[in-house]
Every structure is written in structure tokens, then in C-alpha cells.
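Line order of the protein sequences matches chains A and B. Per my numbering, the first sequence starts with residue 12, numbered consecutively. Per my numbering, the second sequence starts with residue 12, numbered consecutively.
In case anyone wonders, no lab produced these hints; they're calculated from the structure. A few of these clues could be false.
Pairs involving identical chains hold if they fit within one copy or between any two copies, as the list cannot separate such chains.
The calculated lysine-lysine pairs, modelled on DSS-like cross-linking and capped at a C-alpha distance of 30 Å, are [to be verified]:
{"id": "1", "residue 1": "Lys172", "residue 2": "Lys67"}
{"id": "2", "residue 1": "Lys323", "residue 2": "Lys243"}
{"id": "3", "residue 1": "Lys71", "residue 2": "Lys243"}
{"id": "4", "residue 1": "Lys71", "residue 2": "Lys162"}
{"id": "5", "residue 1": "Lys271", "residue 2": "Lys243"}
{"id": "6", "residue 1": "Lys351", "residue 2": "Lys172"}
{"id": "7", "residue 1": "Lys162", "residue 2": "Lys236"}
{"id": "8", "residue 1": "Lys271", "residue 2": "Lys251"}
{"id": "9", "residue 1": "Lys162", "residue 2": "Lys336"}
{"id": "10", "residue 1": "Lys243", "residue 2": "Lys177"}
{"id": "11", "residue 1": "Lys243", "residue 2": "Lys67"}
{"id": "12", "residue 1": "Lys236", "residue 2": "Lys271"}
{"id": "13", "residue 1": "Lys177", "residue 2": "Lys138"}
{"id": "14", "residue 1": "Lys308", "residue 2": "Lys67"}
{"id": "15", "residue 1": "Lys138", "residue 2": "Lys271"}
{"id": "16", "residue 1": "Lys236", "residue 2": "Lys351"}
{"id": "17", "residue 1": "Lys251", "residue 2": "Lys236"}
{"id": "18", "residue 1": "Lys122", "residue 2": "Lys67"}
{"id": "19", "residue 1": "Lys243", "residue 2": "Lys172"}
{"id": "20", "residue 1": "Lys120", "residue 2": "Lys243"}
{"id": "21", "residue 1": "Lys162", "residue 2": "Lys177"}
{"id": "22", "residue 1": "Lys323", "residue 2": "Lys236"}
{"id": "23", "residue 1": "Lys67", "residue 2": "Lys336"}
Number of protein chains: 2
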Amino acid sequence: MRLTNVLRKIALLGFIWAGAALVLTAPGLAQEKAQDPLPSWNDGPAKQAIVSFVQKVTDKSNPAYVPPEDRIATFDQDGTLWVEHPIYAQSMFALDRVHELAPRHPEWKTKQPFKAVLGNDRAAMAKFTEGDWAQILGVTLAGMTNEAFLKISQEWLAHAKHPRFKRLYTELVYLPMLEVMQYLRHNGFKTYIVTGFGQEFVRVYGERVYGVPPEQVVGSSISTKYAYQDGKPVLMRLPKVFFNDNFAGKAIGINLFIGKRPLAAFGNSTGDRQMLEYTGAGDGSRLMMLVLHDDPKREYAYGPAEGLPDTKVGTFSQALLGEAKKRNWVIISMKNDWNKIFAWE
Amino acid sequence: MRLTNVLRKIALLGFIWAGAALVLTAPGLAQEKAQDPLPSWNDGPAKQAIVSFVQKVTDKSNPAYVPPEDRIATFDQDGTLWVEHPIYAQSMFALDRVHELAPRHPEWKTKQPFKAVLGNDRAAMAKFTEGDWAQILGVTLAGMTNEAFLKISQEWLAHAKHPRFKRLYTELVYLPMLEVMQYLRHNGFKTYIVTGFGQEFVRVYGERVYGVPPEQVVGSSISTKYAYQDGKPVLMRLPKVFFNDNFAGKAIGINLFIGKRPLAAFGNSTGDRQMLEYTGAGDGSRLMMLVLHDDPKREYAYGPAEGLPDTKVGTFSQALLGEAKKRNWVIISMKNDWNKIFAWE
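Please construct the entire structure, taking both the sequences and the accompanying hints into account.
Below, the structure written as C-alpha cells:
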């Protein structure tokens, strides 16, 4: 069953239960709980910012009212909607592919960066340059039809497990963020994922996991070539970057794919800075939020901005924190703002 | 008032009138007329193909049934949704811009291709190479922010008139095709424009004229750069092609922007061949249609495929006709299939 359907069923059951409770026991409290669109959020400035923003832009009598067709919300994925540590899921996918393809490439045993991957040399992998990653992505994610790529992505997602949580990556989505997405959609918003990672990869599970259909996934992409296989047209994936949807690329990608400026944008790292900046430069009421990873017990703690350990995966720099404070972007503290992080907790 | 609103009002009035007629006069006929979703289409194989396709894919008991989220229809614009002769509207826009910008570029008086444009040298313009057009588009459509471009496009569309019809270009849309778009949307389809011309240009009027919002316009684009003006982020248009959404580019663009294979595709020239081919390569029931311009009295007649005059604007080649016949793509004859071409007729 699709996660969105599950969530809908849960919402329905909650409603029925609340209805019964209204008659039988403590009506006021039960009703309030059933009506809370963000139950995994603690009361506080972050939750308050979301709710008051939505009330403002959907209230026709409010000067900040925005018609439904312009209610666009964009979400970064890694570190904003699901776990990105110790390493991005799609990077893990590429590394797993290197191991899988190795028998066909005996030369990799002595050739970098493949040698480091095959030898699980973490120190060497931590120092991989963009060129190294481009080589790895080129051989693992290109050289096949788009349909073949979707298939191997699906297979990987169906069995690969996170090293710490021992769960599928698609189970490592943040329940509070799913609630925000649903809450926005119930209020007429279109929710988009705007990811620095591969557009096609996220499209494999975007609908099932986030309720976001393929046409609402904006991401990085490689070039494709129109070709024929057995007389049928196919799109062949080429080892050549077509669009880099990160940093300034996120604002460019939003204009390219959506053609409208978001009303709300959610991120967690320096790669999301321009997306939030571009969102905030629009008229009227806008909502810009950054997830801060400050919960080592339930998830991870990183981001030098708040004195947490430095990291190359999901960097939250001092400069980003400075801009956030200057422009009134709202920081979401995983530790303080979320009473639940994962649905299975 | 938006055209879609006008059409909605007309539909509503028709319904009310039909309702009154049901009570007062000839109920059967009036009801049939009110229920015809394609009143500008003559009965014939083209209309029949559209109606039976829609009935099939929306009927849950039919093996060809497709759920609403996968009901995607793509439409070429020039020559399929609106008039493209004697020259594409956006080319006319670029040529008008050359005249407008000329006082700031005295060197253009002696420099090709600008000299030919300023001297209205039709013979020279007819021979323009892709390089000539790239130069013209570079100086007329780039070198400004995206917002500035949308503004000048809007201004041009508000006053520029077609040389033969003496009407705004946005009035030269084909009513029968608007009916098809509406009919598909009423049946749960998402309608996309997939144009070889500029994505941003079509987005200016897509919603108003076709009922297609910006995020459902796929087209060619130039690169943009994230920059700052008065401390605010802007997207600067660069004189560099980013994506060419024509020929194979249409299939590539559909996958890139939509991520789903269309169920139905409409075109009129060789630039649409791969879009129809890619659509037809999907499983189940698909609808591929080509508009043939064979009505010199009400519109134009061109397309060597049917013995009509040859043209570089909207070429319908013998090869395209051959593939259409081989793959059972349906030809729409403007002369025979449409009892009305324009809403103002």
C-alpha cells in the first residue's frame, strides 16, 4: 500500500476515533488532537510559523492571500526530507553499483577511484574529488536506457539498508516533514522536491514515499539521447552532466521546471541557500525554513553554524546561519521541534 | 476575462439554454448538442478517434483503462494550436525587437543579418541560417532578467497583429484544439504544451489562452544565471541555447520535465515526429494525431506530403506521412474535420 494511502487511512481512523470520543469521553481535547495537522511537531516557533503562514495565504480576507494556482512549496530532499548521513543515499547506490559491476571491469582493481571503492578504503573515499564522483556516476548511472536505470534503482531501493538504522532508505523519511507536505497539499499547495541529486532516481519513489508525482520532482540530470532498440525508441543515458540542480542551480531549476516563484521553501544546507533567497525575494508572505540536525541520539548532529561538528555532507555554514538570521528564515531544531522523527519510532 | 473563463461561461450558458430547450421544445436534439464536447469538429474519423480513445482509457471496465495520474496529453503549439504561417509568432517577435532596438545599434545598418531585417529584405530573411537566427535571438531575447523578458513579451502580445488576419496572435488559436484540450482535462488528463519555441514566451499566455499553467509548458530555453540587482536575486538570460525542444528534443524534454510517457500527442510537422513515436511506443491505447493544413481559404495550405506547396515553416514531409500511415497516426484535415477554425469566425 502506498504510504500516502496509509497516512490517509490513519487520518481517517483518527477522525472516527475522535468522533466516538466526542460522544463518549473528553470531546474538547480529542477534537483538538484530531484536528492538529502537525502532530509530530512540538508547540514552538517553528510549528507556529508554518501554521500562521498557511492561515494567512489561504484566507481570502487577508492581504497576504494567494490563489491556489500560485501556492508552490519546494523541498530539498537529502537532510530535509530524509536522512543524509553518513553519506547520501544516491552516493551509496553508486558505490554499491561499483561492487556489482566490478566482475565486468577487472581493471578497476588497480584503477582509482574504483580501487578505493572496491577496497572499502574510507579514508580515500572521503577525499574523492568532484572528478572522482563524476567517473563513478558516469559508469554506474549512465550507459543504459532510462527504463533500465529506473529498474535498477527500484531494485536497490527495495533491499539496500542504512548502515546505522538497518532500514530501507525510504523508511528514513522525517514524519514531521511528511505532515508539512500533506498539510500544505490539503491547503491547495503543489509540493515539489528540488534535489541536488538525480531527478530520475527520486522519481522512482517520490509518489509512494512523499506523495510527489514525477512531474513535481526537479533535480540534477545527465544528458539523454533518443535512440532505437529493437525498433522501439528509447532514451539512452549519457555520462555527461546536463543540469546541476544545486546552489544557484536550485533557483534556476525552479524557474525552468515550474516557472513560478515558490511561496515556501525548505532546506538544510548551503546548497539550499539560493532557493530560499529566491523564494524570499517574492512579494507578500513567504515561508523559508532550514532543518538543523542537532539530535545525535535519534538522528545525527552536524552543522558548524551551531557549534556542532563540521561535515561535507549537508554543510550548514556560518554564512548560511548569518543569512538565515538576517532574513528571518526559521530554523527547525530536530531535537526541540520534533516529538517524533520517524514513523516507525 | 480569461479565455478559459469565457469558454466556461459559454459552456454554462449552453447548458442553461439546453435545459430550457429540454422543457420547451425539442429535448433530444438540444441535449445531444449540449453534450457534444467537440462541437467544432465534423463527424468523421478524426473526431471518432478522439472520442473513442477517451472513452476507452477512462472506462474502468476496459482493459485499456488508465488511472488519472497517468493521463498525460502533449500538444505542439505552432501549427497545431495556433497559426504558424507566414512565419512563427516568436520569430516575428524577435524581428520586431530588432526594429525596436535598432536606434541603440547603429552598426546594424550595415551588418547582417540585422541589415536584412531592418531593410525588410524578405528574400534575404528567407535564406537565414540557424546561425543568423541565433544572432537575432541572442540580442533580442537575452541580456535581460527573466522578469524583464516576460514584460516585453506581454507588451508585444498585447499589440502585435498577424499580417493577414489583422488580429492578435493569441486570437489565432484553433477552437477545435481548445475543445480537445478541455475535453481531455474534463476527463482527468493533464494537458502539456511541448513547443520547439521558447518556454518562457509561451508561459506568458499559456494559462490565459489554452488553460495550461506555466509548469505544464515544456519548450526550448536559453541558459540563465543567478545574479543580484539592487540586492535582490534575479535570473539573467544569457545568449546561449540551453535546451532545444524540437525533433528528438521533444521526447527528451517530455521525459525531463514530465517523467511520464504521454497517452496522447498532437503535432503537425517533422519536428513532432519523435514525440508521436515516443508516445506510440507505450503500452495499451495511445492517440497520435497530426494537423494537416489544407484549407487555404480559412487558414493556409502547405505540406508536400499531400501534394500541397512545400514550406520551411511547419514542414509535413513525405517521410512523416509514411510513418503516420505505417503507425496508424490520425491525420486531422482542417478543411474536412473542422467546421469552425477560430472562435471569432
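Inset, instruction - Just pull the numbers of the violated hints for me, sorted ascending. - result: Hints 1, 9, 10, 14, 15, 16, 18, 19 and 20 are the ones this structure does not satisfy, whereas the remaining hints hold.
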